[in-house]
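Peer 1: The sequence shown runs 1 to 185 under our numbering.
Each hint should be verified, as a subset may be incorrect.
[Unchecked claim] Quick list of in silico lysine to aspartate or glutamate cross-link-like pairs, EDC-like style, CA-CA up to 16 Å:
#1 Lys153 to Glu167
#2 Lys112 to Asp137
#3 Lys95 to Asp76
#4 Lys112 to Glu71
#5 Lys103 to Asp137
#6 Lys52 to Asp16
#7 Lys68 to Glu86
#8 Lys59 to Asp6
#9 Lys40 to Glu66
#10 Lys119 to Asp76
#11 Lys103 to Asp78
#12 Lys117 to Glu14
#13 Lys103 to Glu71
Treat the hints as calculated values from the structure; they're not laboratory data.
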Amino acid sequence: MVSAGDFRNGVTFEMDGNVYQIIEFQHVKPGKGAAFVRTKIRNVLAGSVVEKTFNPTDKFPTAYVERKDMEYSYSDGDLYYFMDPESYELIPINKDVLSDSFKFVKENMVCKVASFKGKVFSVDAPNFVELQVTETDPGFKGDTATNATKPAKLETGAEVRVPLFIEEGEMLRIDTRTGEYMERA
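Put together the whole structure using the sequences plus the hints.
Peer 2: If you want it as structure tokens, here you go:
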């Protein structure tokens, strides 16, 4: 059991037959009246986010979410197949479960797959990936305006903004959380 007074970011708990994860929390002690906990919680199975206040003494059963490293193998239509490194079993995961950062994942990359009671609800890409530039406009000599960028297409099909000196064929380090170019690899 977890009490609302012990809420922290990332804590998962069951409430009303659903599983929720704390995104933000704030313990409030007003001058008058009882203290309360203001939260922003995500329904991990449905994906919806709501704001809710709790009494600090409210207790909820802890939801044990399994997070496992799995290797992305291939996609077939709307199904993406991930291999369990222990059993070598291929697990199909629907496209709508994948996060926005999945556009930076190529085959054989290891991702974090989160599930509750066998139902997968999220797939997170590694925080940083190294990808090759497949298409970009050439930079021009002398074109050195401050922070000037151009679009570049990566080997996964994703597009990022890069500095003018980046050329086709170069390996780049990308932050998948923000979708930004970090540095040359």
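Peer 1: Hint by hint, say whether it matches the structure.
Peer 2: Now the hints, each set against the structure:
1. Annotation: proposed proximity of Lys153 to Glu167 holds, straight-line Cα distance about 11 Å (limit 16 Å).
2. The straight-line distance between the Cα atoms of Lys112 and Asp137 is roughly 34 Å, outside the 16 Å bound, and the hint therefore fails.
3. Of the supplied pair hints, the one linking Lys95 and Asp76 holds, its CA atoms being roughly 10 Å apart against a limit of 16 Å.
4. A distance of roughly 9 Å separates the Cα atoms of Lys112 and Glu71; the hinted pair therefore holds under the 16 Å criterion.
5. With a CA separation close to 21 Å, the supplied pair Lys103 and Asp137 exceeds the 16 Å bound.
6. For the suggested pair Lys52 and Asp16, the alpha carbons sit about 13 Å apart, so the restraint of at most 16 Å is met.
7. With a C-alpha separation of about 10 Å, the suggested pairing of Lys68 with Glu86 holds against the 16 Å cut-off.
8. For the given pair, Lys59 sits about 10 Å from Asp6 by alpha-carbon distance, which is consistent with the 16 Å threshold.
9. Using a Cα cut-off of 16 Å, the hinted pair Lys40 and Glu66 is violated, with the two alpha carbons roughly 22 Å apart.
10. Distance hint between Lys119 and Asp76 is unfulfilled; the C-alpha atoms sit about 20 Å from each other, more than 16 Å.
11. Our distance criterion of 16 Å between C-alpha atoms is met by Lys103 and Asp78, whose separation comes to about 14 Å.
12. Only pairs whose Cα atoms come within 16 Å are accepted, and Lys117 paired with Glu14 is accepted, the gap being roughly 12 Å.
13. Only pairs whose Cα atoms come within 16 Å are accepted, and Lys103 paired with Glu71 is accepted, the gap being roughly 15 Å.
In the structure shown, a violation is registered for the earlier hints numbered 2, 5, 9, 10, in ascending order.
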